[in-house]
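Just so you know, the protein sequences line up as chains Y, B, E, L, H and X, in that order. The opening residue of the first sequence carries number 1 in my numbering; numbering runs sequentially from there. The opening residue of the second sequence carries number 1001 in my numbering; numbering runs sequentially from there. The opening residue of the third sequence carries number 2001 in my numbering; numbering runs sequentially from there. The opening residue of the fourth sequence carries number 3001 in my numbering; numbering runs sequentially from there. The opening residue of the fifth sequence carries number 4001 in my numbering; numbering runs sequentially from there. The opening residue of the sixth sequence carries number 5001 in my numbering; numbering runs sequentially from there.
Since the hints were derived computationally from the structure, they do not count as laboratory data. This one's a predicted model, so the numbers in the text were calculated from it and none came from an experiment. Do not take every clue at face value.
[Claimed, not checked] List of simulated lysine-lysine pairs, DSS-like, C-alpha gap at most 25 Å:
(1) X:Lys5127 to B:Lys1071
(2) L:Lys3071 to L:Lys3091
(3) L:Lys3127 to H:Lys4127
(4) B:Lys1071 to Y:Lys127
(5) H:Lys4071 to Y:Lys127
(6) H:Lys4127 to L:Lys3071
(7) L:Lys3116 to H:Lys4127
(8) E:Lys2127 to L:Lys3091
(9) L:Lys3127 to E:Lys2071
(10) L:Lys3071 to E:Lys2127
(11) X:Lys5127 to E:Lys2127
(12) H:Lys4127 to X:Lys5127
(13) L:Lys3127 to Y:Lys71
(14) L:Lys3071 to X:Lys5071
(15) E:Lys2127 to X:Lys5071
(16) X:Lys5127 to Y:Lys127
(17) B:Lys1127 to E:Lys2116
(18) H:Lys4127 to E:Lys2127
(19) X:Lys5091 to E:Lys2127
(20) B:Lys1127 to E:Lys2091
(21) H:Lys4127 to B:Lys1127
(22) X:Lys5071 to B:Lys1116
(23) L:Lys3127 to Y:Lys127
(24) L:Lys3127 to B:Lys1127
(25) X:Lys5127 to L:Lys3127
(26) H:Lys4127 to X:Lys5071
(27) B:Lys1071 to H:Lys4071
(28) B:Lys1127 to Y:Lys71
(29) E:Lys2127 to Y:Lys71
(30) X:Lys5127 to H:Lys4071
(31) Y:Lys127 to E:Lys2127
(32) Y:Lys91 to Y:Lys71
(33) Y:Lys127 to H:Lys4116
(34) L:Lys3127 to Y:Lys116
[What the hints assert, rightly or not] Chain E regions said to be covered by chain L (calculated; three or more residues, Cβ under 8 Å):
(35) 2032 to 2045
(36) 2087 to 2100
[Claimed, not checked] Listing some non-contacts, in silico: residues in chain L with all C-beta distances to chain H over 12 Å:
(37) Glu3025
(38) Asp3054
(39) Pro3135
Backbone N, C-alpha and C define an ideal beta-carbon position, used for all residues, glycine too.
6 protein chains.
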Amino acid sequence: MVRVTRRFEFCAAHRLYCREFSDDENRRTFGACSNPNWHGHNYVLDVIVGGEPDPGTGLVIEGAVFERAVKERAIDPFDHRNLNLECDDFKGLNPSVENIARVIWRRLDGALGTAKLHCVRVWETSKTSAEYTGP
Amino acid sequence: MVRVTRRFEFCAAHRLYCREFSDDENRRTFGACSNPNWHGHNYVLDVIVGGEPDPGTGLVIEGAVFERAVKERAIDPFDHRNLNLECDDFKGLNPSVENIARVIWRRLDGALGTAKLHCVRVWETSKTSAEYTGP
Amino acid sequence: MVRVTRRFEFCAAHRLYCREFSDDENRRTFGACSNPNWHGHNYVLDVIVGGEPDPGTGLVIEGAVFERAVKERAIDPFDHRNLNLECDDFKGLNPSVENIARVIWRRLDGALGTAKLHCVRVWETSKTSAEYTGP
Amino acid sequence: MVRVTRRFEFCAAHRLYCREFSDDENRRTFGACSNPNWHGHNYVLDVIVGGEPDPGTGLVIEGAVFERAVKERAIDPFDHRNLNLECDDFKGLNPSVENIARVIWRRLDGALGTAKLHCVRVWETSKTSAEYTGP
Amino acid sequence: MVRVTRRFEFCAAHRLYCREFSDDENRRTFGACSNPNWHGHNYVLDVIVGGEPDPGTGLVIEGAVFERAVKERAIDPFDHRNLNLECDDFKGLNPSVENIARVIWRRLDGALGTAKLHCVRVWETSKTSAEYTGP
Amino acid sequence: MVRVTRRFEFCAAHRLYCREFSDDENRRTFGACSNPNWHGHNYVLDVIVGGEPDPGTGLVIEGAVFERAVKERAIDPFDHRNLNLECDDFKGLNPSVENIARVIWRRLDGALGTAKLHCVRVWETSKTSAEYTGP
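The shape of chain Y in the complex, shown without the other chains (with noise of 0.2 Å):
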């Protein structure tokens, strides 16, 4: 089996906070991500499939497959976008990166033809990232 990744990136805004949390308690929990007012982010979104290689191309999945499916389910649905008030996947669930890495999982799996998803990461800064590799 080989693992092949794509990279895509998309823009957002969003906010992390709990309605059961008091407002103290949200800034205690969130910091300044809690603030009403929106912040954002440079999501860096990498997909990761695995299959085995088709004998004649030599693919794991086209590339022109593999992008357009992650464009429309991944992409397009969150980019330039505020994640908690235009996004349905956020109703009611905190835009954490975890959760984020974790929805996208979910409009993933299954729609990349005969490779398998094995892992979805998402970069929310440089320096911090979370990676679903399913349930």
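Knowing the structure of chain Y, use the given hints to seat chains B, E, L, H and X on it.
Just chains B, E, L, H and X, lined up with the frame of chain Y:
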């Protein structure tokens, strides 16, 4: 003369739009960046100063002095903020990366001891930056 | 004046050699880069323009305009091409990174609306680049 | 067990296509990568080995040994080459990034002293890579 | 389970050598790294933890908690230090990048709240790293 | 005129301090960088030269000539060294990144054939650099 560059980062939400433009004109000019619900970026800030290194210390500017000045004047006011809503510098000024560079120049010019501000460069994404070298 | 940089990428095959040189001279001058069977690079292109930001929009140049001009004039003609065989710009001109920068300058100069082309920088590898700021 | 990664680079020309495919099928499957006049890349190679650090030296593998083995077996044969025309490994094998990773695995497996080859990762561009962890 | 990575940096001097080796053997094994007058690196440290995101906060570990634990236990003790002379962890232990990864593992294991330490990765240069995933 | 940049790396130990300063003044001025037991960095060196590309070869300077000159004059003397103890250039001169840039300028100026040295830029960390463009 020697130039010294120091790199900083901040995250912020913003929106590009002109009050005088119709929604359509805003969308045509700024694309998805005009989304009224905001989006955001990890901004990277390069501050470049010039000066004659002190004959004794060999420094153009002490690291801690440089760090503190930029942090107080150009990072803390913007980090994890909504540039349009929370930052007076952008009252009536579109927070384009060009204007962010000019705003930060004004905030830092003359505030770096004997070192002379040479250039403020702001990266909005890994592919786009603006730099300003003064009026 | 503010300068705006936008980064692009293209992949291409090329070969460095002088028709007037013997094989030996070519090998001595260009090393493995003179391999008659070609080699290739992921070129990174930084296009830097300057101008006064529009008082209303705060932009030196609209992102979509910048993007399209460079894509049409400097990426599409070279991307996934053999620079020596398929690109007329390099008919009789060695596709050194220096010459690639000058060729792209000529292709972009005057084609970026009111923004003035300031510099074309081309990275051939992560360690080597050439930049041209005009005649 | 500790894993040690070492990064290498090589430049090469290649072309993706299947002899059994029509020109049209090749173009549909491989896009611009099937250009008969070749294109090329700066490949980045990560070789990852595992082992118990020697109790005295603290090393899994001596740096110079690691370096020389990979250089001789996986860099020199491909660097500044045309993978399709000049490299026997790709006789009848499409030089996709998946296949390049598998070819380099076969070249390095068992050739790194007491360190065990764990993974070969090849980046074709800054956005696409393949990794192989053995049969 | 979701994994979260956080990146840190520290600068340090060190020297690789074995007391039991002759100067010649040290030079043969460690090359210039055995220089008795020391050399140094900008080390990059990736700490990777795993856990079930809290259903309310969506976090595997609070950012500030993660940051403080690693800073206190793995950055402050080594940053701007001489690993051989000043750090007890390397008394009688060669400060190879392999051993640095294992030492940091021991310092962090069990100290990250409910998050489970998954991997410690240390980059000695941009080309060489070691990672340890526990005994 | 075209400018060509080539990037190099070296690792070294150093210490910042002034003989005329008390321990306290040194600590106040240089912080942890004044540690008497040394610390170190992975220095990144960008050497930028300018010239008219040769009409035949298209080169400002042959790659191998550029490489060898910098390696002999600016990498080998410092790589895996203690700048304060082992490098005469820093006898009585604080090895600040500003002074390292000036020292390397003096070592390279006039030694790059017909290419004219334009700038020496030295990165001490990924966040701090100094550049010198001559007296």
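Against the structure, test the hints numbered earlier, and report the numbers of the ones violated in rising order. 8, 19, 20, 22, 29, 36, 38
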